[in-house]
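Student: One line per chain: the protein sequences are A and B, in this order. Take the first sequence: its letter number 215 is residue 215 in the working numbering, and every next letter is one higher. Take the second sequence: its letter number 254 is residue 254 in the working numbering, and every next letter is one higher.
It is worth saying that the hints were derived from the structure and are not from the lab. All residues carry an ideal CB built from backbone N, CA and C; glycine is no exception. Careful, some of the hints might be misleading.
[Unchecked claim] From the structure, some residues in chain A lie toward chain B, with a derived Cβ separation under 10 angstroms:
id: 1; residue: H75
id: 2; residue: P88
id: 3; residue: A93
id: 4; residue: V104
id: 5; residue: T124
id: 6; residue: A138
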Amino acid sequence: MLPARAGFQDLKTRFSAGAGALRLAREPLFSTAIPAIDALLGGGIPYGTLLTIEGCGSAGCRSIAAALLAQGTRHGLGAVIDGGELYPPALAAAGVRLDRLLIVPAATPMALARAADLLLRSRTARVVVMTAGALRAAVWARLAKLAARTGTVLVVLAARASAELSVVAGVRLACRLERAVLRGTRGLWGVFAGFELHAEVRKHKRACSGEVLVKALTPPVVYGRDEGVSR
Amino acid sequence: MIACVRVPNYALGEIVWQEMLDALDAVTPLIEDAGSGTAFLDMHGMRGDPRVWSTHVRAELVRFELPLHIGAGPNRFCAHAAAWSGDGTVIESGREAGALAPLPLEVLELESGIIERLHLLGVNTLGELARLPHGPFVRRFGSDAARWHEHARGIDRVPFLARGHAVSIEATMLGEGSAESEAAVVFALRVLIGRICNDLERCGKRAGALQVEIELEDAQTDRFDVALAAATSQERAMLDVLRVKLESARFSAPICGLRLRALGLEEGGEPIPLLAGDEIDRANVAVVLARLEAVLGEPVRRAQIRAAHPLEERFAYEPFTLPANRPKAGRYGFGEAESTRLVPQLRLLEVTEIDVRLRRGEPATIGERTVTQCAGPWRIEEGWFTAAVVRDEYDVQLEDGEICRIYRQGERWYLRGSYD
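Taking the hints into account, I'd like the entire structure generated from these sequences.
Tutor: Here it is as structure tokens:
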């Protein structure tokens, strides 16, 4: 093996081994408050980042987005651009302060883009969550620039990020379901308690890639007395 | 001392009466509108004696050209009785019972049936009423009789309720010609907002809403009510919100006049937490909410949790308003536990009917996909007194890993959402 290539391999091995513990120096980070994810992202998400959370079906993308919103609404405002799929009791269970969450109704891609543009330009919300509509590359580039300029974390949920979105994203996090967790026995006596996720950093402009397993669990509640997502 | 101004044979319109009350503001700041042409004036601390006050009141109301009865007494009822018995009557403090004794029962303004019953009992004056034993009289005539008996003795426990002062803040600009461009309208608007904000500051108030009346060359008037997310007296926030509102408006003719009015007035000043506060620029949020509404055609919403069993009824949306500025919830206000739970989120899907096959009473397949895990059923039954809703809900995991919430209603199965 050539010395340069050996050196490169060595460097790659060292960074991969310590990817989880890698810290981004002298840069303010937006913490998800989930230690495993924070460690995976090198301490958190840099402010002003366009973050994509990708995954199909029950991959846990919205659970991570809810955790970010919970952090965002702790001291400021958060915003969700919603096409009617939001279930607020589950957000509340995740710690999101609903009185500080702007729910912006937008059904069409055009409305989605305009709402995101306005929210980012105004610096109203610390975190803006939206789904990946069919938007042109120029629109994604503009939204990413606005996020960077205003220091807002823009979270885009997608089954798989399009090529245009992948290019402008500062961080790409891919999730997939590892296993569902059933509390109790099957059937009437069983309760779906949550799932175990596999999260992988596919792209990070300032840190190395890595992967981690995290659990998303509904707090145990008594049937009929719940206020959360499930019984 | 309380003064009573009474207009005998009251048949005034409400507007004239309110104008009379406004005129009485020059006599004393505390005026109670007792209705039916009667007003009480709190004269405590005012210069002069009842005769001087009476002259002052007449001077203020002379332009209405109405007969007036003015009386004064140590409390509301005594003042009323003094005005009732004759113009210029004054009942001195400590001599109430004696002054009221010869007056007829009609001063109490009771129903005619009650007065007739009292007459049958030989009670014709307030003095005779005052001499009746309190307990038996109240037992016979009910709880209201306690008040009549006290009034007859010159006691009035009803507190003085001064009327509120409606502050009206508005500014108008009417031009000879019409606005040539949008910039001219915005400039005029900026001038009007400047005046409104000056007035608000002078009164120590904030506006919760604005009303703009736009006069057009074709003699039409368009009116816009613009609610502000947070009451403000800031010029910039008002201008931005109004601009957004007007940008999305279309007019049938050129604009030739503007009138701006501040509504929803609140006391000025904003509570600022002593320790750490929120990082919310409230004026900025108000502008963004207005912009988003103008762009999207519907307001930004806020969710509220409700106690209900069906999933779709566990929350409701309402227009977003800013929460009160409060200190952080942590101990001593400058820190709190920074932990967040990762909680599965239910993604509500449009309710669609699905094809479910059962095995041993449990869903085994949904369409072409096999169910690998199943929890439930949980029965939701409600509204039996109206349209009964009986549902069996299940959480199922499918072979491709997706976890769904499905339910059976009657013989049909529906997909409600999926966990993500």
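Student: Hint by hint, say whether it matches the structure.
Tutor: Here's how the hints hold up against the structure:
1. H75: The hint holds - H75(A) has a Cβ within 10 angstroms of chain B, the shortest such distance being about 5 angstroms.
2. P88: This interface hint holds because 4 angstroms falls under the 10 angstroms limit.
3. A93: For A93(A), the interface hint holds, since the closest Cβ of chain B sits about 5 angstroms away, which is under 10 angstroms.
4. V104: With Cβ-Cβ at 5 angstroms, under 10 angstroms, it holds.
5. T124: 5 angstroms, holds
6. A138: 19 angstroms, violated
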